[in-house]
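Student: Chain by chain, the residues run as shown.
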Amino acid sequence: MDSLFGHLLGVIRTAESGIALSAQSENPGLITRTGSYIVRRIDLIGELMLEHLWLVILTVIIAVIVSVIVGIIISYYDNAAQVVLWVCQILMVIPSLAMLAFMVPIFGIGFTTGVVALILYSLLPIVRNTYTGIRELNPAIIEAAKGMGMTEWRILTRIKIPLAMPVIMAGVRTATVMVVGIAAIAAYVGAGGLGELIFQGISRANEPMIITGAIGVSIIALTFDFFMNWGEKRLAAAGRPGRGQNND
Amino acid sequence: MIKLEKLTKIFPGQKEAAVKELDLEIKEGDVCVLVGPSGCGKTTTMKMINRIYEPTGGKIYIGGEDVLKMDPIKLRLDIGYVIQEIGLFPHMTIEQNVATVPNEKRWPKEKIKEKVDEVMTLVGLDPNIYNTRYPSALSGGQRQRVGVARAMVSDPPIMLMDEPFGAVDPITRARLQNEFLRIQERMGKTIVFVTHDIDEAIKMSDTIAVMREGVIVQHATPSDLLSSPADEFVSNLVGRNRSIKRLHLIRIHEILDEIDRLKPTPENASTEEIQKQLDKSEIRAVMVVDRDNKLKGIIGANDLKQRTGEVAADYCQDVTDTITSDATLNDALSVMLEAGEGYVAVVNENDQYEGTITLGDLLNVVKEDS
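Line order of the protein sequences matches chains R and P.
Each step along the first sequence adds one to the number in the working numbering, with nothing skipped, and position 233 is 233.
Each step along the second sequence adds one to the number in the working numbering, with nothing skipped, and position 343 is 591.
Just chain R, with the same shape it has in the complex (with noise of 0.2 angstroms):
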């Protein structure tokens, strides 16, 4: 993490320094403010960014845990199935200030009420895409698992959750890459993160603390879906065959 840093300080610097060079403006510009900015506060944005971190791991744990098994049940029953998809609809639809404002008077202000609005957001792609990533199997597969006399749980554990993986792993990183943006808002309810330099930032009416929170959101986020792309990529290539003799 810190090399990561210490590398977008170093890019940050050298389109600075050279801004600053081609301006030959004796009033400082706003890259050259956010730039002294972090360099004078990188200790504090350091920590919300794990904290921001923190927050995203946090929830995405457990959305998925709860997500998944959520959605391979409703995988079993075609009523439920619309019922449950249907109120992770609606909660993703609520304004995420209003769904925030919600929890307060339930988990108070704080860590927890970020949690568990963040959670809540994340449970449609999640589920969704587990739901759908095991329904659409081909039928044939299925079939030909139960008829050999495979038992339902095996059939789950060996042949429906490895072939839906990719679909599940694709929600999953919609759910992270949510997360990570509406994770800035959290900080409203006194969750913490990057959001607190925002927040602060527009209340003082100071720019560069306003953008530093943001430049921090989003390679939170880049960085997120990078890895969650590549992790994507290989887990389709193990378990797409043709030219697999890399995995097992």
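Everything labelled a hint here was simulated from the structure, so no lab data went into it.
Cβ coordinates follow ideal geometry from the N, Cα and C atoms, glycine included.
Do not take every clue at face value.
From chain R, some residues computed to sit far from chain P (all C-beta separations above 10 angstroms) [to be verified]:
{"no.": "1", "residue": "T112"}
{"no.": "2", "residue": "A140"}
{"no.": "3", "residue": "I142"}
{"no.": "4", "residue": "K146"}
{"no.": "5", "residue": "G149"}
{"no.": "6", "residue": "P162"}
{"no.": "7", "residue": "S203"}
{"no.": "8", "residue": "A221"}
Okay, the calculated beta carbon distance ranges per label pair [unchecked claim]:
{"no.": "9", "chain 1": "P", "residue 1": "L611", "chain 2": "R", "residue 2": "R154", "range": "37 to 43 angstroms"}
{"no.": "10", "chain 1": "P", "residue 1": "K357", "chain 2": "R", "residue 2": "R41", "range": "40 to 46 angstroms"}
{"no.": "11", "chain 1": "R", "residue 1": "L30", "chain 2": "P", "residue 2": "A385", "range": "54 to 60 angstroms"}
{"no.": "12", "chain 1": "P", "residue 1": "D445", "chain 2": "R", "residue 2": "E136", "range": "27 to 33 angstroms"}
{"no.": "13", "chain 1": "R", "residue 1": "N79", "chain 2": "P", "residue 2": "R434", "range": "27 to 33 angstroms"}
{"no.": "14", "chain 1": "R", "residue 1": "F227", "chain 2": "P", "residue 2": "D314", "range": "20 to 26 angstroms"}
{"no.": "15", "chain 1": "R", "residue 1": "N79", "chain 2": "P", "residue 2": "P405", "range": "39 to 45 angstroms"}
{"no.": "16", "chain 1": "P", "residue 1": "T420", "chain 2": "R", "residue 2": "L91", "range": "51 to 57 angstroms"}
{"no.": "17", "chain 1": "R", "residue 1": "L222", "chain 2": "P", "residue 2": "K353", "range": "54 to 60 angstroms"}
{"no.": "18", "chain 1": "P", "residue 1": "D417", "chain 2": "R", "residue 2": "W54", "range": "55 to 61 angstroms"}
{"no.": "19", "chain 1": "P", "residue 1": "T380", "chain 2": "R", "residue 2": "R41", "range": "54 to 60 angstroms"}
Knowing the structure of chain R, use the given hints to seat chain P on it.
Tutor: For chain P alone, kept in the frame of chain R given last:
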């Protein structure tokens, strides 16, 4: 071995029964083919035997035991199952696919490996080449073979096969059918085989059960079915050209001794010898073999006109289509029509020459029969 009594299936939300009070008895070691138009209930009947579908009424006995009182998982582990789309697991290697049932039965690893290799060899796939491949790297015909291998690996006494050779081209299908019959001759399993193709039914079966709208119209041996169809429906299904269909029932080795085999020409025969043989040959061509009696090629009358060579090996042209002696006469006819020739060379598994069968031979068989 398998006995169905007043077996009935009504799918939820449907008024008409898919299968109506069906009675059927299949003897041990027999291949019973269920045949009929789509929607006649043949697949439903088959899938009730391993309880993929639970019967609405009636009884199923296997070896005297009431299937409906058995644990379905245990029941299925002892019934080989091949479905139309084969349903290989795309995320597993061929070896893992074939090992499915032994894995469920918790066999020791070495035994699984040994059995998988054995059964792969049996269906004509080299385990050293194919075991580590994935299903998507296989051709349609190879996948069907793997499907059969997977169903047979734990040596189940009973196999259920739903159009197992449906999704391949006719030539590959004929070859798979012949291989399967050869395996069956050795294994002697009790097989319920579903198809909509009456030709396949005649070829594969010991007995045929013709189904229509959920009931069996006629259950008879193929030869009885051809000679005395029970009603108009059966005779329409069997079709008009019954004597041609009889070609499905006769294997090449059965008539090979009765026909003029066309003696092979050794590869070192001189031009004069070849000419002599050519003059005698009914098909105006001779078959050239090497010292091990392996088929090397063919020499037609035209090939000899320009005296470009000395011995038979110099003249001979490649033979593209041959047939093995366990194929049916109908297969032979297909190959002839495909190649546009009036004959086809018969070879054994090692490519050794056994004789040549001609259109005239087929005609004689059909004539004798009717």
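Student: A separate judgement is required for each hint: does it hold in the structure or not?
Tutor: Each hint, compared with the structure:
no.: 1; hint: T112; in the structure: holds, 39 angstroms
no.: 2; hint: A140; in the structure: violated, 4 angstroms
no.: 3; hint: I142; in the structure: violated, 8 angstroms
no.: 4; hint: K146; in the structure: violated, 6 angstroms
no.: 5; hint: G149; in the structure: violated, 4 angstroms
no.: 6; hint: P162; in the structure: violated, 5 angstroms
no.: 7; hint: S203; in the structure: holds, 53 angstroms
no.: 8; hint: A221; in the structure: holds, 31 angstroms
no.: 9; hint: L611(P) / R154(R): 37 to 43 angstroms; in the structure: violated, 56 angstroms
no.: 10; hint: K357(P) / R41(R): 40 to 46 angstroms; in the structure: violated, 60 angstroms
no.: 11; hint: L30(R) / A385(P): 54 to 60 angstroms; in the structure: holds, 57 angstroms
no.: 12; hint: D445(P) / E136(R): 27 to 33 angstroms; in the structure: holds, 31 angstroms
no.: 13; hint: N79(R) / R434(P): 27 to 33 angstroms; in the structure: violated, 51 angstroms
no.: 14; hint: F227(R) / D314(P): 20 to 26 angstroms; in the structure: violated, 57 angstroms
no.: 15; hint: N79(R) / P405(P): 39 to 45 angstroms; in the structure: holds, 41 angstroms
no.: 16; hint: T420(P) / L91(R): 51 to 57 angstroms; in the structure: holds, 53 angstroms
no.: 17; hint: L222(R) / K353(P): 54 to 60 angstroms; in the structure: violated, 49 angstroms
no.: 18; hint: D417(P) / W54(R): 55 to 61 angstroms; in the structure: holds, 59 angstroms
no.: 19; hint: T380(P) / R41(R): 54 to 60 angstroms; in the structure: holds, 56 angstroms
Of the numbered hints given earlier, the model fails hints 2, 3, 4, 5, 6, 9, 10, 13, 14 and 17; all others are met.
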